[in-house]
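Number of protein chains: 2
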Amino acid sequence: MTVLILTCEQDVTADLAVVELNANGIPVLRLDPAELPGGVDVSGEYVHGAFAGHLSVGGRVVSMQGLRSIWVRRPGTPAARSADASAWLSEESAQALYGMLRCTGARWMNHPDAARQARHKPWQLWLARESGLPVPATLITTFPRVAREFAARYPDLVVKPVSGSHPGDDGLAVPTTRVRPDEDFGAVEHGPTLLQRRIRKAADIRLTVVGERMFAARAAAGPDADDDAVVDVRFRPSGVTWKPVPVPPRVAEGAATYLSRAQLAYGAFDFAEDADGIWWFLECNQSGQFGFIEIETGQPIGSAVAQWLAGEPLIPTNSATEPTRP
Amino acid sequence: MTVLILTCEQDVTADLAVVELNANGIPVLRLDPAELPGGVDVSGEYVHGAFAGHLSVGGRVVSMQGLRSIWVRRPGTPAARSADASAWLSEESAQALYGMLRCTGARWMNHPDAARQARHKPWQLWLARESGLPVPATLITTFPRVAREFAARYPDLVVKPVSGSHPGDDGLAVPTTRVRPDEDFGAVEHGPTLLQRRIRKAADIRLTVVGERMFAARAAAGPDADDDAVVDVRFRPSGVTWKPVPVPPRVAEGAATYLSRAQLAYGAFDFAEDADGIWWFLECNQSGQFGFIEIETGQPIGSAVAQWLAGEPLIPTNSATEPTRP
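Residue numbers (the numbering used here), protein chains in the order written: chain W, 1 to 326; chain A, 1 to 326.
Just so you know, these hints were derived from the structure itself, not from any lab. C-beta: ideal position from N, C-alpha, C; glycine also. Treat each hint with caution, since some may be false.
Per the computed footprint, the stretches of chain W lying under chain A, defined by three or more beta-carbons under 8 Å from a beta-carbon of chain A, are [said to hold, decoys possible]:
id	region
1	41-48
2	100-107
3	112-122
4	125-136
5	256-265
Partial selection, computed: residues in chain A whose CB lies under 8 Å from chain W [claimed, not checked]:
id	residue
6	Asp41
7	Val42
8	Phe51
9	Gly99
10	Thr141
Not everything, but these chain A residues come out facing chain W in the computed CB check (under 8 Å) [what the hints assert, rightly or not]:
id	residue
11	Pro37
12	Glu91
13	Ser93
14	Cys103
15	Trp123
16	Ser131
17	Ile140
18	Val159
19	Ser163
20	Pro192
Let the sequences and hints guide you as you build the complete structure.
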């Protein structure tokens with residue numbers, strides 16, 4: 001059975017997993033939905049009460065019922081690279097491709113519905129707390145008065161985007177930034193604002209979870225970390241060194257609960273470690289990069305992804321049962 | 001406890017349900033996400049392990065924990081009517097509003113994730129068949145050769161959009177149309193094409209399901225229906241008359257299974273009734289209009305929606321349990 005990887009051509013991180021799958025003789029089909037139609041073809045037939053779907057890239061044809069897993073890595077917008085690209089063609093192509101893939105019994109990393117839900121930062125904070133992970137006091141509001149009252153209770157605050165967009169995502173990136181003590185919060189009424197009690201960081205923690213395997217890495221904060229206006233490790237100029245660390249059992253339990261309830265097979269958690277060694281949940285990115293962590297720490301994350309993808313499908317694909325969706 | 005209705009100002013269909021909720025003393029909060037921020041405000045606080053959210057419209061403040069149900073009718077794009085409208089503000093506002101609403105115990109009609117999944121036509125066809133509803137032989141393909149072979153087996157075909165977009169949806173509407181016998185299908189390679197065996201219609205059937213209540217309406221086909229190039233009832237010029245009809249038990253069972261597996265509280269099924277009285281599944285629109293059916297048949301669909309919305313939330317909202325999501 002074949003592993004399907006949906007990603008763009010330039011995705012070197014996907015290469016890490018592909019090499020391992022190839023080495024183990026697991027068939028892989030890699031395609032970019034942006035190439036449909038033209039470079040990629042799809043076909044599905046609903047006849048006599050059965051569905052039979054096929055994918056084709058470069059002359060190779062693979063049965064959708066023969067997919068063991070689907071890795072949604074960095075797929076392009078369907079039809080974006082077609083000669084006749086349009087919003088309508090993208091919609092038609094997306095429906096054809098993802099609509100048919102939803103009819104298979106393949107395991108998803110991650111299922112599109114779970115992925116979409118998981119991007120909601122307000123829901124992340126709620127679920128993290130429900131899962132037993134410590135969450136810094138947080139306010140999301142369009143009321144200046146409420147923001148002022150929150151700031152009176154928690155004077156040392158950071159502000160960050162509600163949508164938690166990451167650098168490179170459509171250019172909508174805004175770093176986490178400290179709030180000035182004299183802030184009057186009048187502008188809060190112009191857009192929902194996320195304020196969070198600042199954790200005085202001893203370190204940044206990245207916990208990458210692949211199925212049931214966890215890889216934690218720690219980057220110690222510099223001596224002047226407290227003075228920085230920008231407290232976002234993603235925007236630090238350089239000099240950040242990630243080292244592997246063990247995962248405290250309570251964090252491991254919380255992260256496993258979080259991913260199980262979110263129905264995610266993959267998640268990259270960001271924590272702030274405080275002076276007492278407590279890991280405070282900041283966010284969980286369901287499509288977080290792992291290449292830079294793997295390179296710095298030597299943790300075999302790509303290999304773990306490959307092994308998860310190589311696993312058997314969760315349900316027999318030739319029986320008339322539901323797909324594995326959240 | 002309050003019913004939240006997310007819809008635009010001009011939505012007269014929503015008025016049908018609001019009138020009934022008001023008459024029964026059920027508090028209703030109606031808002032258009034397009035008015036956030038400005039006309040609508042949101043606030044949510046994550047402190048001491050609890051989440052407390054609030055919505056405000058026109059000076060009225062409602063607790064999110066006090067929501068019994070959420071009706072996603074015809075909501076505008078968040079922030080679209082804000083003075084500072086932008087893609088970024090829409091994303092931030094959507095995340096703030098829907099992200100927080102996902103943290104409540106309210107029942108959804110329909111949950112955004114279920115709604116999104118339900119829009120996939122290829123998945124609809126698969127699920128309908130799985131649910132025991134008859135589905136006409138269908139092909140979705142970008143291979144001209146496969147289309148030709150299918151047409152040889154089923155010479156009497158219609159073509160329709162894969163994405164099943166409806167008139168008025170972003171202007172991306174294309175009616176279902178008969179395929180000419182001399183069609184060569186070469187253009188199929190330019191975009192996924194949905195071909196379906198044409199059902200020789202005795203009537204169009206609209207089955208509207210609200211929770212566990214079903215309302216079927218039938219529009220008999222005209223005597224010259226077989227000669228029409230456009231076989232799409234939505235595009236017929238006029239003269240269509242809908243009459244209430246009972247739901248055959250096997251169809252009722254199939255529709256209930258479909259909605260249960262799709263985790264939808266509301267669905268509008270379109271069937272084609274053939275000369276033998278068989279109802280062939282064409283599609284299920286999770287946000288299908290019901291006003292025109294109610295007006296023609298007198299079926300109390302708006303009232304059924306109101307009663308469903310007035311029901312108790314599925315889980316206690318003050319306990320630390322998961323929201324009711326698919």
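- Query: Against the structure shown, which of the earlier numbered hints fail to hold, in ascending order?
  - Reply: Going through the list in order, the structure violates hints 5, 16, 18 and respects the others.
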